[in-house]
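K.L.:
Model the full assembly from the supplied sequences, consistent with the hints where possible.
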Amino acid sequence: MLKSLDPRVTRLNLPDGEVPNMEPKQELDQFETYEAFHQKKDGAAFTYVGPVHAPNEDVAFLFAKEQYSRRFACVGLWIARTENIMVTPYVGDTESVYDMIAIEEPAERSAEPEKYEIFHLKKRGKAHTHVGRVSATSYQEALQEAKQQFGEKPPVVNVWVVKSKHILQSAEEDKDMWFTIPEKKYREATAYKVMDKITKYKAENNNATV
Amino acid sequence: MYGGGNVFEATKFDDLQAEDPVKLAEFEARIARGEKIEPNDWMPQLYRKQLIRMIEQHAHSEIIGALPEGTWITRAPGFRRKMAQMAKVQDEVGHAQLLYSAAETLGKSREQMLTDLINGKSKYSNVFNYPALTWADSNVISWLIDAGAIVNQMANARGSYGPYCRALDRICAEEAFHLKYGHDAVVHLATGTPKQREMVQAALNRWWPPIMTFFGPSDKMSTHTETLMRWKVKMASNDECRQQFLDMYVPKIWELGLTVPDPNLKKNAETGQWEFTEPDWDEFKRVINGDGPCNAERLAVRRTAEERGTWVRHALLNPKAKYVKPLA
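These protein sequence lines are chains A and B, in that order.
Residue numbers for the first sequence follow my numbering, beginning at 1 and rising by one.
Residue numbers for the second sequence follow my numbering, beginning at 1001 and rising by one.
Think of the hints as simulated: they come from the structure by calculation, not from any bench.
You may find that some hints are simply not true.
To be verified - In silico DSS-like cross-links for lysine-lysine, where the CA-CA straight-line distance does not exceed 27 Å:
| no. | chain 1 | residue 1 | chain 2 | residue 2 |
| --- | --- | --- | --- | --- |
| 1 | B | Lys1121 | A | Lys25 |
| 2 | B | Lys1082 | A | Lys25 |
| 3 | A | Lys185 | B | Lys1082 |
| 4 | B | Lys1121 | B | Lys1049 |
To be verified - Label pairs and their computed distance ranges (CB to CB):
| no. | chain 1 | residue 1 | chain 2 | residue 2 | range |
| --- | --- | --- | --- | --- | --- |
| 5 | B | Trp1042 | A | Ala45 | 28 to 34 Å |
| 6 | A | Ala107 | B | Met1248 | 53 to 59 Å |
| 7 | B | Gln1196 | A | Glu95 | 58 to 64 Å |
Positions of the beta carbon are idealized from the N, C-alpha and C atoms, including for glycine.
P.N.:
Below is the structure:
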């Protein structure tokens, strides 16, 4: 049995020495991916923070809350399945993708107009930001509409289009889940002030140190 | 927490002749203009392979690096330190999540990366194959290993791959806490009782040799390295990182009256470069290839966590689920 300096590891009774390889993990062992957007303060636009892997939307929300809003100011969180986000091509940092693509005819349209959320990337390497909502009967029409409403000012390096109904949004009354962030001072760099101790030590040990 | 060591080995994709010259020129021009590369852009095979390897190793280092410190959570002296140690370990695991996702955007699945870690096919930072014998060892890791990681990560954050830059921006912001927390803990011991001083000096003596190998051996400058530097995959040489680390932290060690266990360590006033005893690269190679004090334990612990959690993941899996790689 594997003997560790940590008694809790020793108690796992793990085999010692050569072990056969683990079977390769199966596809989807780590679930599907979702994309998360956060709102830093009231009135600010929702901004892309990154992906999470999760078995469903609700768990994705919990994971994203831990992953992306545990440490920094946050008042809102949106989650969308990666599969449900339509992505345009990427263009250069000085260009607008709206001017560079021909928006195709939609293969299918919804009977009634639906709401779509529009996200722009202003610079490569930065994060997509929510610019607004449009009403349309297809992704292509939503993109066309977004071009009219938000497409005037380049650069727009890339656009994401998501149906509003495909975004899980935190509710106004959920905000208190982030209230404890400022209380956890022990995980802020500013909570650690060592200079006084060092200065005192140096003063007392002037001759003792190198 | 990650150094630069053992990353840039030659791959069979070195041959740029096989790449489309027009696309390659556009790709290089974009990087030369200072624009970032995003996941769906055309990119040379060598760029993709090296980034996957680098980001994946970084992710593994975060998740394995959480183990030697995690072991001290239950025995941290006092409630406040326990809370801080937990927050730090949680950060490291979170960093692994961010980095695995960034690597996935390049086309390697998370399942494959975890399999390669556990079966020893992918590497992680070699320093984590050494044990944290005492609480002071954990403090020295928090301070100096994280300090080394920050030197490396700040350099990489200026690199050319968008998803890696986004992950690193977030990681560097959190590492600032780790560094201050570690420094505070070391200062507490170093300015404490004789016994506490003795403890932190002993930990420093144990960790100094691995720390000196943290950035990897001197780079052999080859056309390969030059290419990766031009593409902003490799942002600084291993030696540059090591020198920068020594410049920033040796004075901070000395001001506490602690000794660095290397009689040859000194800054050459003429060259401005630190001189030191060459690390034992034979030991480094031996340990990174599996024969270190903790290699087996680290992988066994990781593997057990994966295996014992399998049934939960199976139970939760939506039968209609379909994998789509993360967007950015």
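K.L.:
Going back to the hint list, which numbers does this structure go against?
P.N.:
Going through the list in order, the structure violates hint 2 alone and respects the others.
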